[in-house]
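Asks: Numbered continuously in the UniProt record's numbering, the sequence shown closes out at residue 223.
Because the hints were derived from the structure by calculation, they are not lab data. C-beta atoms are modelled at their ideal positions from N, C-alpha and C, and glycine is treated no differently. One thing to keep in mind: the hints can contain errors.
[Stated by the list, open to error] Derived Cβ-Cβ restraints for the label pairs, each shown as a range:
{"no.": "1", "residue 1": "E214", "residue 2": "R128", "range": "29 to 37 Å"}
{"no.": "2", "residue 1": "A168", "residue 2": "L41", "range": "27 to 35 Å"}
{"no.": "3", "residue 1": "L41", "residue 2": "H189", "range": "46 to 54 Å"}
{"no.": "4", "residue 1": "D211", "residue 2": "A54", "range": "46 to 54 Å"}
{"no.": "5", "residue 1": "P219", "residue 2": "F161", "range": "17 to 25 Å"}
{"no.": "6", "residue 1": "G163", "residue 2": "A54", "range": "22 to 30 Å"}
{"no.": "7", "residue 1": "E220", "residue 2": "D19", "range": "22 to 30 Å"}
{"no.": "8", "residue 1": "P219", "residue 2": "E20", "range": "51 to 59 Å"}
{"no.": "9", "residue 1": "L157", "residue 2": "G195", "range": "18 to 26 Å"}
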Amino acid sequence: MTQVDQSLDRERLLDGVLDEHGRSWLADAVRRVREREEAVLELFPVAARACGRAPVPGMPGVTVDLLVRERLLAALPGRGAALGDLLWRIYRYGDASERIAVLTALGRLDADGALGEHGLQIVRDAIRTNDTRLIEAAVGPYGARHLPDGEYRQAVLKCVFVGVPLSAVAGLKRRADRELARMLADYAHERTVAGRDVPADVWPLIRRHPDVTEGRRLPEGQV
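Let the sequences and hints guide you as you build the complete structure.
Replies: Set out below in structure tokens:
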């Protein structure tokens, strides 16, 4: 499914769960953002109060306010550095749920190249935290598209360290390389020597490059 298809699915789901008041509020909010993009700074924080925080059926972990906030960001008319600066302001002063909405919207905002690398400051900040929700949102399609190789590898390692499943990391099939396998093998070696479990989802990446296991103490049957 393409980024555009996913966005359309999320919009249809949102339209189906909003009540009349929520739909009216959102339509007015989108109009205001299109007319004056700075209005998003006032509307973004109150989206949950206006439209609710109910879970969206069929989308585990997704709430109504998340989709509403994504819709507000999609209405922003800016591009490039100006768009990145505004998104950073929204993210920087937002609470955790607001920050997650910014992170999950980045891929859609960059679908036609409108954002480019100007959202990386947000991704990098989220990866530096220990909030698994922010980290998981940061390693989505936008991060996979724009993070340099070294930073992408470090983001994968951060997920392993804090318990974010690697299935949540976008782009692994394309971007996982020998150096990442070596880093994961080092991690697995250290865990094994310390008598600690190794997360199961690291092994498929290590097995792509069997030579990186040489000289390392690893659990029997895994390599």
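Asks: Determine which of the earlier numbered hints do not hold for this structure and return their numbers in increasing order.
Replies: 7
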